[in-house]
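Residue numbers (the numbering used here), protein chains in the order written: chain A, 1 to 321; chain B, 1 to 316.
If you are wondering where the hints come from, they were derived from the structure by calculation, not from laboratory data.
Owing to the predicted nature of the structure, the values given are computational and were not obtained by experimental measurement.
Idealized CB from N, CA, C, for every residue including glycine.
Don't take every hint at face value.
Stated by the list, open to error - Anything over 10 Å on all C-beta distances counts as not near chain A; from chain B, calculated:
{"no.": "1", "residue": "V96"}
{"no.": "2", "residue": "L130"}
{"no.": "3", "residue": "P143"}
{"no.": "4", "residue": "G149"}
{"no.": "5", "residue": "G164"}
{"no.": "6", "residue": "V169"}
{"no.": "7", "residue": "W170"}
{"no.": "8", "residue": "Y188"}
{"no.": "9", "residue": "G189"}
{"no.": "10", "residue": "A194"}
{"no.": "11", "residue": "E200"}
{"no.": "12", "residue": "A201"}
{"no.": "13", "residue": "L235"}
{"no.": "14", "residue": "Q262"}
Said to hold, decoys possible - Across the chosen pairs, the derived CB separations fall in these ranges:
{"no.": "15", "chain 1": "A", "residue 1": "F298", "chain 2": "B", "residue 2": "M115", "range": "51 to 61 Å"}
{"no.": "16", "chain 1": "B", "residue 1": "G164", "chain 2": "A", "residue 2": "P255", "range": "30 to 40 Å"}
{"no.": "17", "chain 1": "B", "residue 1": "F121", "chain 2": "A", "residue 2": "G243", "range": "39 to 49 Å"}
{"no.": "18", "chain 1": "A", "residue 1": "P216", "chain 2": "B", "residue 2": "A153", "range": "52 to 62 Å"}
To be verified - Covered, in the sense of this in silico footprint (three residues per stretch, anywhere, with C-beta under 8 Å from a C-beta of chain A), are these stretches of chain B:
{"no.": "19", "segment": "181-187"}
{"no.": "20", "segment": "238-245"}
{"no.": "21", "segment": "282-293"}
Each chain, letter by letter, is given below.
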Amino acid sequence: MSKSLLKFRPLALATALLLPASFLLPAFPAHTEDKVTIGVSLPQDDNPFYIGMLKGIRARATELGWDVATVSSNEDKLKQINGVQDLVAKGVKGILISPIDAVGVNAAYDAAAAAKIPIVSLARGSTSPNQTIHVAMDEVQVGRDIAEWTAKKLDGKGKIAMIMGPSGAPTFRNVAQGYNEVMTKYPLIQIVFKTDGPLTRERGLKNAEDALVANPDLNAIYAANDDLALGAMQAVLAANKGGQTFVTGMNGVPPALRAVKDGNVAMTVELNPVIWGRLGVDVLAAYLKGDKLEPRVFIKHVIIDSSNVDEALAKMAPPKS
Amino acid sequence: MTVSKTGRKLNWSGQAPLITLVVLCVVTALLTSRFLSPLNLTNILVQSSIMAVIAMGMTFVIVGGGFDLSVGSTVAFSGCIAGMAMLKFGIFAGVVAGIAAGVAVGLANGLVVAMLRVNPFIATLGSMVLVRGVVYIITGGAPVSGEDGLPSAFIAFGNSRLFGVHYLVWVPALLLVALSALLYLTPYGRRIYATGGNKEAAYLSGVAVDSVIASTYVWCGALAGIAGVMLAARLQSGQPTAGEFYELTAIAAVVLGGASLQGGEGTLYKSVIGVFIMIVLGNSLNLLNVDSYWQRVAVGAVIIAAAAADRLRSRA
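Please build the complete structure, drawing on both the sequences and the hints.
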């Protein structure tokens, strides 16, 4: 008895290993081979920005009658390459990707190109010659718009601190470049403080504290994104300088919109990830139809301040269904 | 697996990893015709190649009764060192420097564990964090690819083939043959098993257990170094953030391959099968369009099931 049990143990072990997989079977969506399926690979699947982007992609794809296959990468470049290879093996008609790195995942673009599958970058771009189209934000223009808004609010005169993004990230370099370009046109505006580093609320707080100590008469703080802006806002409020110093952000995430509504952050730039996702699908659809497209397609950005924040907040509210 | 069992005629015992892999493949192949396409099978081999090299190194350490959490950081370290050296001194120097960086980390781990007698979990947890810090310092946190990228011949190594098989796949294949010979055919290999199985007994029978243990970490570091160089070729750059959580995947693969975390047990080719199980699982879930949140649940469940199987087996 025990001997015969022994003989089957390896099989039992194998079954034990595979059992967990079997309860996933109901999670498989139904397949229809004739339907157009597009593949999606985003850097993270637990970040509100990319969750929003995927939501937009799915919504637009459903309207077109397309299926969406997603692969996850969790900020692991090799995993993103592998995922895109899987999408290619699956035979998708096109791929939407937000590459983790501008160089590191170029093998993913090569895999798609080798199978003649168009691969469109969303938000982040790649240096790969095989990138079909890049759906990007007009970074320099965003920087210019923030600067014009700030200069207008300052009446062309005042002291500014710049809390910039990571020095290596082209996006934030380009935004800051646009910002500086405009500010040089205003001789009475001085940039008195400049730092670069990671995009965290903690750093925004610390750097703004330092900027306010070094320059008690500071008028404005440029924060490279909303997290930095929310940190800087805390420093301004703690120093009781809400009436004198205003903070600008970028991204338009919900907490920042609420801060704009409360008057604690002066303005932010809305880069709606849902719209970004929808635009990505439209670009892919146009490409598959054979339309001629520019290698870079820009997504529209909107300046959000007290004048239009209610509208932006209303859009953020979960749709009634 | 112990030597005494190998004499039996049809030895199914200990073949759970292979059976699991075959069943997994059959089930996936039945659910989607794409799974067995030549393109997908090639993908699986390439996707498994780097982790297979890391898992072989991890097998040395685990068989020797140890543990190494630092391999992920070592992969990033050696990849970045390889990239930086390559941009200055050429491909050959870059590859050597990358592997040497891995050996250095492994040697440091081995000395701390074997000579200073720090618990391997803590020692390698420390080096995991330390080495990652060093990587950020030497690279400034930015990817290493130079102005015009890494040498094109090196990038070609990451994506071209020899006799129809990717170079990246040849590496673990050749290493598997060579290292299996080392582990199973040499007295040194038997000393590793003896030390991991029962350190006291090995010591009393004249094995220099401390050097043996330290050497397993050097192997692990060297193989992580090779994996780091392969990854740099695949990513066309040295990436300071690369390799995060690879230590956990490697340990899971080795345990899936039937090695015992108590030491003294484990087989190189079965660890490679463990890697295949992890990769095929991910591949099939992607092909079958399973939501990424569910994929995490599935991978976690498989790891737990493997550990439970390990316990069941050791109880028998």
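(message) Hints numbered earlier in the text: which of these fail when held up against the supplied structure?
(response) The structure conflicts with hints 3, 4, 13, 16, 17 and 19, although it agrees with all the remaining ones.
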